[in-house]
Each structure stands twice: as structure tokens, then as C-alpha cells.
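Visitor: Here's the letter readout for the chains.
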Amino acid sequence: MNVATHRSDTNFATQAQAQTAMRLLLIEDDLEAASYLVKGLRENGYTIDHSADGRDGLERATSGGYDVIIADRQLPELDGLSIIIELRKNADRTPVLILSALGTVDDRVHGLKAGGDDYLTKPFAFAELLARVEALSRRASTHATETTRLKVADLELDLLARRVIRAGRNIDLTAKEFQLLEYLMRRPDQVVTRTMLLEGVWNLQFDPQTNIIDVHMSRLRTAIDKNFAKPLIHTVRGAGYMLKTPEAA
Amino acid sequence: MAQPTFRLSSARLAALYVIIFAVGVVSLLTAVYFLTARVLDREVDAVIQAEVNGLVDVYRQGGLLQLIGTLHRRADSWGRTGAVYLLANPDGSRIAGNIARWPSQVVANNQWLEFDIDATERGQVVSHPVRARALALAGGPTLLVGTDILERKRLASRLRNAMFWCASLCVLLGTTVTSIYSRGVRRRISSIALTCETIISGKLSQRLAIENTKDEFDELSRTVNHMLDRIQQQTEILRTTFDSAAHDLRAPLYRARVRIEETLQHANIPGNARDTMEATLLELERVQRTLGTLLQIAQAEGHGRELSAEVLDLAALTHEIVDLYQPEATQRGITLTARTPDTAALRGSRQLLAQALVNLVENALKYVPQNGHVIIELNSEPGEIVLSVADDGPGIPEEDRERVLQPFIRLERDRANTGSGLGLSLVAAVMRLHRATMELLDNHPGLIVRCRIPASRAA
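Chains as they are written, first to last, in the numbering used here: chain Z, 1 to 249; chain R, 1001 to 1459.
Be a bit skeptical, because a hint or two may be false.
Some, not all, of what chain Z presents toward chain R, calculated at C-beta under 8 Å [claimed, not checked]:
| # | residue |
| --- | --- |
| 1 | D29 |
| 2 | E32 |
| 3 | A33 |
| 4 | Y36 |
| 5 | L37 |
| 6 | R60 |
| 7 | P123 |
| 8 | Y183 |
| 9 | L204 |
| 10 | Q205 |
| 11 | I212 |
I should point out that these hints are in silico values taken from the structure, not numbers from a laboratory.
The beta-carbon is built from N, C-alpha and C at its ideal position, and this holds for glycine as well.
Isolated chain Z, as found in the complex:
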């Protein structure tokens, strides 16, 4: 469970943040948990402000300048959902990650309907939070352009022709393997957790008792990396997977 150290191996992320350090706002009333989160996120190169109640949090959030807001669902003064609704009313599109101790399906639906961008149930692995914050901050900085081709190193994925080519060689994938690869290739050099894959590829939010995702990934890995010198798909211990460009490795 060497959770956060993958960061120090990954120059890419630090590069991206070195240019303009990502600014986060954490609105969380559990002070002890908040202090650990602040510390952990700082160590991973983020600039982070902390707010202990909803009203203060909303004030800070509206003053702007944050790349991602992490808000607890239940807060004193003003709850997390109201903050999001308030922000969205003012056409503020800052990505919001909702943290919730309730963790029921309904809450998730409500949270996302209110305008939240992602939802995480407490207690979570810090790596999970880190991966999701990163995904949200990347999404905010890169304007999603409609592409029909994705390219990472010598791996190419043609969305129209549903074709995968690596170093000029055609690779046959099943429909699900193709979707998995697409998900990874849209997030190069980012940690992608197993639950992110379940949500993104299968549209399922649940807690698998077995390592089903690993089985799928190992199949994809065999198809993509087996006959090539430089592996692209890497396991990030205690966190998930990463499609790494060899230059960044």
C-alpha cells in the first residue's frame, strides 16, 4: 500500500503542476481527517486551502481561482450539495468532488444531479482521492476536443474504424478491451483506479469482492504489451493502473 509514492516516480504530473500549481479547496468539517488530506495533497504538489464549514467554503469557492473543489456532503452551516447548487447558479463550472459518509446509492445520484462532478464514499483510499482529483483537474485544464484518434507513444486507437495499431501492427481487441484502452488512452500518465474503470467502462458503481478488473486488465496488457519491448500499461501499487508514455517513465 505504498500509496502516494507513485507521484515521485511520475515526472509528468510534477511537470504539469510545476508550471502552475493546481489550486484545490477542501471543505471538510472533520478537522483531523482534513489535516491528513491537506498534508497528503500538498506532498503531491497541490496548493490547498481548507474550509471547516459550508458558509466559509462557499465564500472561498466563489472568490474563485480554484481548479478543483473537494466538498464534504454534510457540513455545518451549509451542506455540500447547497454549495454546488449555489456555484452552478452563478455559472461557476469548477469541478467539484463530493465526499460522503453516507455512501448510499441515492446520495450519489443526488450529488451528481446537483452538479457535482465526482463522488467518493468515506472511508476511501487516499490513492483513490488523489486519482480522482487529478482526473478532475486535468479535465478542467484540457478542453475536451472531439478526436477520432488517440495516440500514446507508438500506440494508436482509431475510434471510427474501431482499430488499434501499435508500431504499425494491428491489435485485435474485444469490444470491452477496446473501451478499457480508450479510457486509459484518454488519461495518459494518470493513475486510473479500479473503481474509476468500473464506473467509466461498465457504468457500474459497486464494490467488487473479487479482482475482476485485474483479470480484464491482464488480458488487455497481454494484447498491448506482450510482443513489444517497452510496456505501456503499468500497475500502480495500492492505487490502480497507468498508461505511461515511455518518455515520462
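Mind docking chain R on chain Z? Use the hints.
Guide: Frame of chain Z; chain R shown alone:
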């Protein structure tokens, strides 16, 4: 369902009531009729008897001549009082009186008798019934004294008619009233049953309607409502206790986990301490998972809370999940197949149904040996979708099938397993939430879990 039984019982009660009512009315009227007829008969008989006695006295004191004189005077009364007199010779020829000759069937033996005589009324011959007494007087002549009982007979028949109509009307009225009443009873019982069904399905805030009729139903409804208030109160207490307990457990778990993870980030931790901490993290994860499942069960059980339901395609969802577990099954040497129609639309919670399917598949994969089979089947039937997950594993003994649906029940064979014992109870809770029925059946060998889920009412 209970419906036909009470429908029958209320109708049966109504029919019984009508029968008792009809028998009562008919016997009452019959008694009245016979009593009235007897009174009338007695009156007629008393008048005739008095007349006979009078005439016998006249004969005894004044002889035949005086009797003839009296009879002459009396005979005029036929038209007015309907009295009939005849004094005849032993051969039947008339001496005096207002009928022509001695009726052939009459014997003068001082007995009561009835016979008909013909009389002309407005040019028509009408047969008149006569009640009379005939006796032989000392010295040979016979005397007949009677009275026309046509009017009395007409009265009796009119009385019979009136009574018949009266009885019919009573029965008709009784039938109508009782059927209206029994329909009313049925309606109220139906409405009570319907409300109860809604309450059973989780809407504990529902109450029985009080119609202010101040009858037993209102009394019963009030008592049931009172009981529901109490139950709701207690469930609410239980739920808030559970929710806050779950919340209070989650916060420290969360902190413990963050703390351990944070500490693990520091490189200077000796290897064995790192191992211990990582093992502790795994344990925390298990506790978290069990707690999460319990929260899900609690949520699925509803407590009257509505879940955000959507129209979803269970066939597509089944294929997603089979697809997800296919490699895992292949690795274990198990054949996992899905047989579904093209679409199977229903209203429900996608997340909870997905979790239920996953639990069923994981459960099956856990117990089925190598070279075994797991088949997920969906069938669209009128009004419902039947989901069956069948395997050829060891199955569950019949006596345990009910039990395994309860939380934390693990069978003997699972002692070695690390499962929380919540898998099937979560499935059961999810199915209850979707108003589905769930049964565990024998697959000879193996287990079939069959859920009948009401299909989408939405278009």
C-alpha cells in the same frame, strides 16, 4: 390473496341474513293469516250457533208454525247479511227458508259443513260458498242454518295476496339493503387491505382512512393507525440510531485509514511494521465493506423512503455484468452464460439491481466447482420479468434456504469463507424494494435463485 375469501364471507353473511329475514317475515305473516282466519271462522260459527239455538227454542216453544213464521221474516236477509235458512221435510222438499231445496250432499247430523250454492247476481250465476249447520228437529223436519262466506273467502285470499307481496317486498328489500351493505363492507375491507399492502411495501407513513361513520371499522382503523404510529416511531428511532452509529463508525474508520496511509508514505518504516500496517488497512477495508453493505440493505429495506428509480434495461445490465465476470469465470474453468430477450424494461434502481446481480454471480462463482456452469436467464412474462441464476454447484439444503436470506447467516460449509454473510440478504432486500419475489430452488444439483420483478409500468 385474501381477497376472494372475505368477498365470499361478506356475501355469505348477506345471503344468510336475507334467508333468516325471509323465513321470519313469512312465518310471521303465516301466523297472522291463520290467526285472522280462525278468528273470522269462530265469529261465523258463533253467529250460526246462536241462530240455531234461537230457532230450536222457537220450534220447541211455538212448534212448526211459529218456526216457519220466524224463518219467513229472516229469509229476507239473504241479500243483506248472507244468512241462509232452510226448513225441509225429511224428503228434502222446502217448507220454509231462502234456498230452493235441501242440498243433496248435506246430512242433518248437527255437524259443521260447507257447500256451494248458486246465486244470480246482476244476471250472472255466481257460486257462493256457505258454512252451515244442519240438524234434524224432533218430529221429522230438518233445519239448515248457514251464512254466505264468500266475502270472508275473498278477504282471506286478499289477505294471502297482500301477505305474499309484503313478504316478497321484504325479501327484495332485504336483499338490496344487505347487498349494498355487504358491498360497503367489502369496499372498506378492500381499502384497508390496499393500504396495508402499501404499508407492507415500505410506506410506513401511510394510514388507514377514518370515514367518521363511528362504526367498528373506524374503531379498527383507529387502533391500527395507533399501532402504526408506534411502529413508525420505533423504526424511526432504530433507523436514526443505526444511521448515526454507521456515521459515527465511518468517521473514525476514515481517519484511521487516512492516518495509516499517511504514515505508510514515509520511507523509513521497517518492513515488518509496514506489513502489519498494510494488513491492518486490509482489515479496515473489510469492516468498511461490511458496513457499506449493511447501509445498503438498510437503504434498500426502504423504511418508506423512495429510491430514485429510473427505467432501465435489465437485459443490457445482465450482459454488462456477465461480460465483466466472463474472464474471471473462464479463469476458474466455469461456463458463465446469459440468456435474455433483447430488452427487459423495468423501473428500478440501476445501482442496486447491478449490485444484486453481481452478488448472485459472485455467489455462484464462489461455490461452483471447476467445469461447472452458471446460467443467468431473463424471461419476459406478462407484467413481470423473471430473473433466474442457476448453477450446478452444491446448492443449499431446503431447510436452510429461508435462513440464508437473513443478514449474517452463514451455513456450515461457509465457515472457512471470509464472506460477510450479507450477499444474499442484500439481494433479498433489493428485490423487496422492487416489489419482487425471490425464491431459492433446487437445480438437481445446484441452486436456482429466481426473482420475479414487476415490469415497468412506465411507457
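Visitor: Does each hint fit the structure? Answer for all of them.
Guide: For each hint, the structure was consulted:
At a threshold of 8 Å, the smallest CB-CB gap from D29 (chain Z) to chain R is about 10 Å, leaving the interface hint violated. Nearest Cβ of chain R to the Cβ of E32 (chain Z): about 5 Å, under the 8 Å cut. The hint holds. Hint status for A33 (chain Z): holds, given a least beta-carbon distance of 5 Å to chain R, under 8 Å. Interface hint status for Y36 (chain Z): upheld, as the beta-carbon distance to the closest one in chain R is roughly 4 Å, under 8 Å.
Annotation: interface hint on L37 (chain Z) holds; nearest CB of chain R at approximately 7 Å, less than 8 Å. At its closest, the beta carbon of R60 (chain Z) sits 22 Å from a beta carbon of chain R; the interface hint therefore is violated under the 8 Å criterion. For P123 (chain Z), the interface hint holds, the least distance from its beta-carbon to any beta-carbon of chain R being 4 Å, beneath 8 Å. The restraint placing Y183 (chain Z) at the interface with chain R is violated, with a minimum CB-CB distance near 14 Å, outside the 8 Å limit.
Hint status for L204 (chain Z): holds, given a least beta-carbon distance of 5 Å to chain R, under 8 Å. The interface hint given for Q205 (chain Z) holds, since its Cβ lies 5 Å from the closest Cβ of chain R, which is under the 8 Å cut-off. Taking 8 Å as the C-beta contact cut-off toward chain R, the hint placing I212 (chain Z) at the interface holds, the least distance being around 5 Å.
Consistency with the previously given hints fails for numbers 1, 6, 8, ordered from lowest to highest.
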